[in-house]
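These are the residues of each chain, in order.
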Amino acid sequence: MNSDDLDRLARAIGGTSEEEIGCDECFEQLDRFVEMELAGLDAAEAMPLVKDHLERCGDCREEFEALLAALQAARGSSPVRSVWGRLRRIFGVG
Amino acid sequence: MRERSNEEWLAALRGARREEAVADLRVVLVRGLKAAFAGRGRCELETSVEDLAHEALMKVLDNLDSFRGESRFTTWAQKIAIRVAFTELRRKHWRDVSLQDVLEKGESCFSGLDTVVDSAPTPEETATRRLMLETLGRFIEEELTERQRRALVAVILGGMPLEEVARRMGTTRGALYKLLHDARKKLKKRIEAEGFSIEEVLGVDDER
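Going down the list, the sequences are from chains A and B.
Residues 1 to 94, numbered by the working numbering, are exactly what the first sequence covers, in order.
Residues 1001 to 1208, numbered by the working numbering, are exactly what the second sequence covers, in order.
Rather than coming from a laboratory, the hints here were simulated on the basis of the structure.
Where hints are given, some of them may not hold.
As the list claims (entries may be wrong) - Pairs of lysine to aspartate or glutamate, DMTMM-like flavour, derived with a Cα cap of 25 Å:
1. B:1185 to A:55
2. B:1188 to A:65
3. B:1105 to B:1020
4. B:1059 to A:7
5. B:1186 to A:42
6. B:1186 to A:7
7. B:1186 to B:1124
8. B:1105 to A:28
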């Protein structure tokens, strides 16, 4: 076992919350979560349980990243657009 | 391909102009799958993207009533296609790996047969870490059911996808996540009840 295995086990146990959503609930909300991310909104703040699940669950995280990639390609989103959305939110401009 | 609102997609897929909408949706799904898996080995998907998109299309058409309008319809459909594709990829990648193989590899670390490598500079630290690992192994034996233990070892230490472990254990991914959640809660509670911290038991670097 290497330190990465230990680290993974430590995080999995130590980071356990009483309230966690499962894969089915995460899947139900994933499309909304991804669209918020693409719009430059704070999806993690709006949907913290989804964000939490994606940090814990490798299967769901893979699917989230793939869906994000698929939609970015379809919409021609750019990192610049995403950053600008976050700046707008931070400084409260329209 | 024309742009459609969510309502237009639903009406078209349910109505007389279904063929055109189905064809358009198929194009969307194929493009999305190709973009999603662009970084992976092309041989994994190149011959089957159309098949995966078709399978996803069938699921979408069978479940139109479950679309809640909380996102764009194409996003919702793409989500289903991604799930279909990953299910297939995982099955293909892990088909020759048995659950038992994964469990044996994962469990060896608790028996002292395997030791933590790379970051224990002294014999004392190695001995302490081994003792802590054996302690955790004991907690796992004492606190968890057999199913919880197998799931924990296979997913977290063995790295097998939840979906694949669930299939081999005759359950669903959602049920397996709940099983793992219960297992993690039990272990966390036991570790804390014994007066340890997680980092102490596992000997991990707090600064990682």
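Review point. Do the alpha carbons of residue 1186 (chain B) and residue 42 (chain A) lie within 25 Å of each other, as the hint requires?
Key: Judged against 25 Å, a Cα distance of about 32 Å means the pair is violated.
Practice item. Quickly compare the C-alpha distance for residue 1185 (chain B) and residue 55 (chain A) to 25 Å and report which way the hint goes. Key: holds (17 Å)
Review point. Within a Cα-Cα threshold of 25 Å, do residue 1105 (chain B) and residue 28 (chain A) meet the stated pairing?
Key: violated (34 Å)
Exercise for review: Could you grab the alpha-carbon distance between residue 1186 (chain B) and residue 7 (chain A) and see if it respects the 25 Å cut-off?
Suggested key: Holds, at roughly 19 Å.
Check your understanding: Are the Cα atoms of residue 1105 (chain B) and residue 1020 (chain B) separated by 25 Å or less?
Key -> violated (52 Å)
Review point. Would the pair residue 1186 (chain B) and residue 1124 (chain B) pass a check requiring their Cα atoms to be no farther apart than 25 Å?
Key: violated (29 Å)
Check your understanding: Regarding the pair residue 1188 (chain B) and residue 65 (chain A), is the alpha-carbon distance no greater than 25 Å?
Key -> violated (29 Å)
Point to revise | Proposed proximity, residue 7 (chain A) with residue 1059 (chain B) (alpha carbon, max 25 Å) | key: violated (38 Å)
Checked against the numbered hints given earlier, this structure breaks hints 2, 3, 4, 5, 7, 8; the rest are met.
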